[in-house]
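Input sequences plus hints: build the corresponding full structure.
Next come the chains, spelled out residue by residue.
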Amino acid sequence: MLNIKNLHVKLEEEDKQILKGVDLTVKAGEVHAIMGPNGSGKSTLSYVLAGREGYEVTEGSATLEGEELLEMEPEERAAAGLFLAFQYPVEIPGVGNMTFLRTAVNAQRKARGEEEMSAGDFLKVVREKAKKLKIDADMLKRPVNVGFSGGEKKRNEILQMAMLEPKMCILDETDSGLDVDAMKLVSDGVNALRDEGRAFLVITHYQRLLDHIKPDVVHIMAAGRIIKTGGPELALEVEHNGYADLLAGVQ
Amino acid sequence: MALPQAKQDALAARIAGLSFAREGWLGAARAEALARLSAMGLPGKRDEYWRYTDPAGLTVAEAPRAAVFDASDERPLFDGIDRLKIVFVDGVFDPAASDDLRLAGVEIERLATAGGADIHWARDLYGVLEGRGQVPVQRPLAVLNTAFATDGLLIRVTGKAARPVSLIYVHNSDTSDAILHHCVKVEAGAEITILENGPAAARFSKVMEVEVAEGARFHHIRAQGRDHERRAVTHIFARLGAGALFKSFTLTANGVLTRNEAIIELNGDEAVAHVAGAAVGDGNFHHDDTVFVTHAAERCESRQVFKKVLKNGAVGVFQGKILVKPGAQKTDGYQISQSLLLDEDSQFLAKPELEIYADDVKCSHGSTSGAIDEVALFYLRSRGVPEKVAQSLLVLAFLAESIAEIEDEAIAEDIRSRLEGWLARHEH
Numbered sequence: 001m002l003n004i005k006n007l008h009v010k011l012e013e014e015d016k017q018i019l020k021g022v023d024l025t026v027k028a029g030e031v032h033a034i035m036g037p038n039g040s041g042k043s044t045l046s047y048v049l050a051g052r053e054g055y056e057v058t059e060g061s062a063t064l065e066g067e068e069l070l071e072m073e074p075e076e077r078a079a080a081g082l083f084l085a086f087q088y089p090v091e092i093p094g095v096g097n098m099t100f101l102r103t104a105v106n107a108q109r110k111a112r113g114e115e116e117m118s119a120g121d122f123l124k125v126v127r128e129k130a131k132k133l134k135i136d137a138d139m140l141k142r143p144v145n146v147g148f149s150g151g152e153k154k155r156n157e158i159l160q161m162a163m164l165e166p167k168m169c170i171l172d173e174t175d176s177g178l179d180v181d182a183m184k185l186v187s188d189g190v191n192a193l194r195d196e197g198r199a200f201l202v203i204t205h206y207q208r209l210l211d212h213i214k215p216d217v218v219h220i221m222a223a224g225r226i227i228k229t230g231g232p233e234l235a236l237e238v239e240h241n242g243y244a245d246l247l248a249g250v251q
Numbered sequence: 001m002a003l004p005q006a007k008q009d010a011l012a013a014r015i016a017g018l019s020f021a022r023e024g025w026l027g028a029a030r031a032e033a034l035a036r037l038s039a040m041g042l043p044g045k046r047d048e049y050w051r052y053t054d055p056a057g058l059t060v061a062e063a064p065r066a067a068v069f070d071a072s073d074e075r076p077l078f079d080g081i082d083r084l085k086i087v088f089v090d091g092v093f094d095p096a097a098s099d100d101l102r103l104a105g106v107e108i109e110r111l112a113t114a115g116g117a118d119i120h121w122a123r124d125l126y127g128v129l130e131g132r133g134q135v136p137v138q139r140p141l142a143v144l145n146t147a148f149a150t151d152g153l154l155i156r157v158t159g160k161a162a163r164p165v166s167l168i169y170v171h172n173s174d175t176s177d178a179i180l181h182h183c184v185k186v187e188a189g190a191e192i193t194i195l196e197n198g199p200a201a202a203r204f205s206k207v208m209e210v211e212v213a214e215g216a217r218f219h220h221i222r223a224q225g226r227d228h229e230r231r232a233v234t235h236i237f238a239r240l241g242a243g244a245l246f247k248s249f250t251l252t253a254n255g256v257l258t259r260n261e262a263i264i265e266l267n268g269d270e271a272v273a274h275v276a277g278a279a280v281g282d283g284n285f286h287h288d289d290t291v292f293v294t295h296a297a298e299r300c301e302s303r304q305v306f307k308k309v310l311k312n313g314a315v316g317v318f319q320g321k322i323l324v325k326p327g328a329q330k331t332d333g334y335q336i337s338q339s340l341l342l343d344e345d346s347q348f349l350a351k352p353e354l355e356i357y358a359d360d361v362k363c364s365h366g367s368t369s370g371a372i373d374e375v376a377l378f379y380l381r382s383r384g385v386p387e388k389v390a391q392s393l394l395v396l397a398f399l400a401e402s403i404a405e406i407e408d409e410a411i412a413e414d415i416r417s418r419l420e421g422w423l424a425r426h427e428h
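One line per chain: the protein sequences are A and B, in this order.
Mapping of the first sequence onto the UniProt record's numbering: position 116 corresponds to residue 116, and the numbering continues sequentially without gaps.
Mapping of the second sequence onto the UniProt record's numbering: position 75 corresponds to residue 75, and the numbering continues sequentially without gaps.
In case anyone wonders, no lab produced these hints; they're calculated from the structure.
Just so we're clear, the structure is a prediction, and the values are computed from it rather than from any experiment.
Glycine included, every Cβ here is placed at the ideal spot set by N, Cα and C.
Some hints could be false.
Said to hold, decoys possible - Some but not every residue of chain A turned toward chain B, in silico, with C-beta under 7 Å:
#1 Arg52
#2 Ala78
#3 Val95
#4 Ala107
As the list claims (entries may be wrong) - With a cut-off of at most 27 Å between alpha-carbon atoms, the simulated BS3-like pairs for lysine-lysine come out as follows:
#5 B:Lys388 <-> A:Lys110
#6 A:Lys131 <-> A:Lys167
#7 A:Lys153 <-> B:Lys388
#8 B:Lys351 <-> B:Lys388
#9 B:Lys362 <-> B:Lys325
#10 A:Lys153 <-> A:Lys132
#11 A:Lys184 <-> A:Lys141
#12 B:Lys247 <-> B:Lys362
#13 A:Lys141 <-> B:Lys388
#14 A:Lys129 <-> A:Lys167
#15 A:Lys167 <-> B:Lys85
#16 A:Lys141 <-> A:Lys124
#17 B:Lys85 <-> B:Lys247
#18 B:Lys247 <-> A:Lys141
#19 A:Lys214 <-> A:Lys141
See below:
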């Protein structure tokens with residue numbers, strides 16, 4: 001599904017290398033977790049994959065089902081099946097959540113040569129999916145993320161994911177700012193989407209999210225590289241011992 | 001103080017070709033206005049009130065040529081709204097294209113034929129609110145309008161108007177120079193919506209004097225047409241009684257020069273006045289909103305909401321003032337003027353002012369100019385929304401607060417669709 005090879009990325013504006021040769025392969029149906037200390041490049045990796053400006057790829061490649069992602073515009077990546085759940089979902093005053101969702105769903109369908117969803121069908125689907133995430137009608141009507149609590153914003157990200165049905169989902173610290181109940185709601189939302197044809201890359205600081213969203217593979221990222229890969233037990237190890245031992249091992 | 005010779009000459013040249021109707025009460029009001037105009041002369045760019053907008057195109061003797069624009073690729077604005085249509089072509093009433101002027105709850109007379117008739121209410125309004133609006137700042141172009149308007153409508157609303165009254169201004173001649181003056185009196189408890197649309201003329205001067213009596217409601221929505229080359233100066237003078245409501249929204253897309261002034265007096269307690277505008281300009285576009293709201297009674301509310309989207313060297317101006325007179329306690333005044341600059345060539349000039357002589361009031365104002373929010377743009381694109389669509393969504397979102405001032409949802413939707421059309425034509 002997702003194939004990252006020797007990815008080197010620096011900041012566009014300054015001479016600062018953030019990713020220094022990331023290699024990662026995620027197969028369809030798998031859930032991978034990336035853990036790592038602050039500043040290790042986890043969020044940069046997610047932004048670079050989604051196509052945010054401000055980064056320069058100096059070496060390497062990233063493909064989604066064989067297609068080179070890094071050459072595409074952000075909207076083309078989305079239409080190709082990539083989805084990034086933001087660590088800090090953006091507030092957009094003046095754009096209704098529902099309008100936003102419908103515009104996005106139909107834009108992707110159009111880009112893939114599919115028929116647009118009718119207003120009636122869309123409403124039905126969105127209401128049903130929103131209900132599962134405990135997103136009420138009022139939240140759907142309000143401007144995108146404006147006045148939403150931290151938990152509401154994250155649930156709104158998962159709702160977008162559920163509506164867009166991407167193949168490759170990247171969750172960037174989706175657990176940050178969530179209380180236990182919200183974490184459960186969000187995790188249930190993610191787990192409901194687990195499917196043979198879909199893959200997840202879950203970026204997190206803490207093991208606790210991985211109690212709810214059980215990963216197949218866990219990677220530890222530090223200083224712009226993946227320094228260790230293992231099974232779910234690796235996350236527990238980090239939880240108990242911190243990153244210090246792992247970091248010492250590679251330095 | 002005598003006017004300098006150069007100013008006298010400029011004024012003489014400007015009014016030389018204009019017709020001056022002397023008959024009846026209207027003739028007297030015009031003569032009085034002409035006397036005032038002769039004392040003040042025309043505005044010049046050195047006047048403080050015209051610091052950001054050069055009035056030359058509005059004051060030269062001949063109207064600068066303006067090509068007629070063919071807007072037939074869009075269906076006419078307000079097409080789906082059930083309304084009474086009154087059409088002016090280059091400032092001349094067109095009876096064939098207009099509906100019958102009878103409307104339940106409303107009396108409508110033409111200014112051109114009203115001079116001889118004894119229309120008491122109009123005598124108390126014509127040139128009167130305009131005259132009151134000359135203090136503390138002179139507005140000579142409005143005085144000129146009072147003296148020389150060739151036509152207009154006298155609208156008296158006695159009940160709830162059965163339908164909106166829709167004034168349609170057609171521009172058909174490259175050199176037309178139209179001067180129209182309307183008076184609207186909304187009697188106590190009555191209600192009307194007035195729609196205006198169209199570019200009107202190569203050069204258009206319009207004054208609307210509006211008296212909103214106790215508990216009456218006045219809604220005004222206008223769109224100034226798509227002509228690129230036209231010039232316009234418009235004034236709305238409004239006076240509100242206790243509990244009255246006044247709401248005015250203006251959409252301006254294109255036009256080389258537009259100066260829209262709104263002068264509003266809140267004279268009765270608990271009156272509410274909202275004046276809003278959305279302006280979008282690409283290239284040779286200069287748009288000036290000049291607003292003066294006076295709070296002269298208690299517990300009144302006023303809002304000024306002006307948004308501008310500018311690109312390719314377009315210029316936006318906002319001069320807005322809230323004056324709170326002594327004793328106007330519990331005033332709630334709000335003013336926001338914002339521009340979205342889509343490139344680095346465009347300009348927004350703002351002069352927000354508050355002048356407050358009462359101690360128990362709430363007034364706020366804000367003025368900003370900025371570019372499209374890149375983070376929001378990326379967020380939308382990351383969900384698959386193409387860049388141009390995402391940009392349009394954000395531009396409309398920026399304008400939303402001003403459009404929200406339109407109460408009627410069907411009319412608001414019509415205005416929104418115009419903006420979408422403009423954005424689609426001007427994306428690159």
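Going through the hints against the structure:
{"no.": "1", "hint": "Arg52", "result": "holds, 5 Å"}
{"no.": "2", "hint": "Ala78", "result": "holds, 4 Å"}
{"no.": "3", "hint": "Val95", "result": "holds, 5 Å"}
{"no.": "4", "hint": "Ala107", "result": "holds, 5 Å"}
{"no.": "5", "hint": "B:Lys388 <-> A:Lys110", "result": "holds, 15 Å"}
{"no.": "6", "hint": "A:Lys131 <-> A:Lys167", "result": "holds, 23 Å"}
{"no.": "7", "hint": "A:Lys153 <-> B:Lys388", "result": "holds, 25 Å"}
{"no.": "8", "hint": "B:Lys351 <-> B:Lys388", "result": "violated, 32 Å"}
{"no.": "9", "hint": "B:Lys362 <-> B:Lys325", "result": "holds, 13 Å"}
{"no.": "10", "hint": "A:Lys153 <-> A:Lys132", "result": "holds, 15 Å"}
{"no.": "11", "hint": "A:Lys184 <-> A:Lys141", "result": "holds, 24 Å"}
{"no.": "12", "hint": "B:Lys247 <-> B:Lys362", "result": "holds, 20 Å"}
{"no.": "13", "hint": "A:Lys141 <-> B:Lys388", "result": "holds, 23 Å"}
{"no.": "14", "hint": "A:Lys129 <-> A:Lys167", "result": "holds, 18 Å"}
{"no.": "15", "hint": "A:Lys167 <-> B:Lys85", "result": "violated, 55 Å"}
{"no.": "16", "hint": "A:Lys141 <-> A:Lys124", "result": "holds, 15 Å"}
{"no.": "17", "hint": "B:Lys85 <-> B:Lys247", "result": "holds, 20 Å"}
{"no.": "18", "hint": "B:Lys247 <-> A:Lys141", "result": "holds, 25 Å"}
{"no.": "19", "hint": "A:Lys214 <-> A:Lys141", "result": "violated, 33 Å"}
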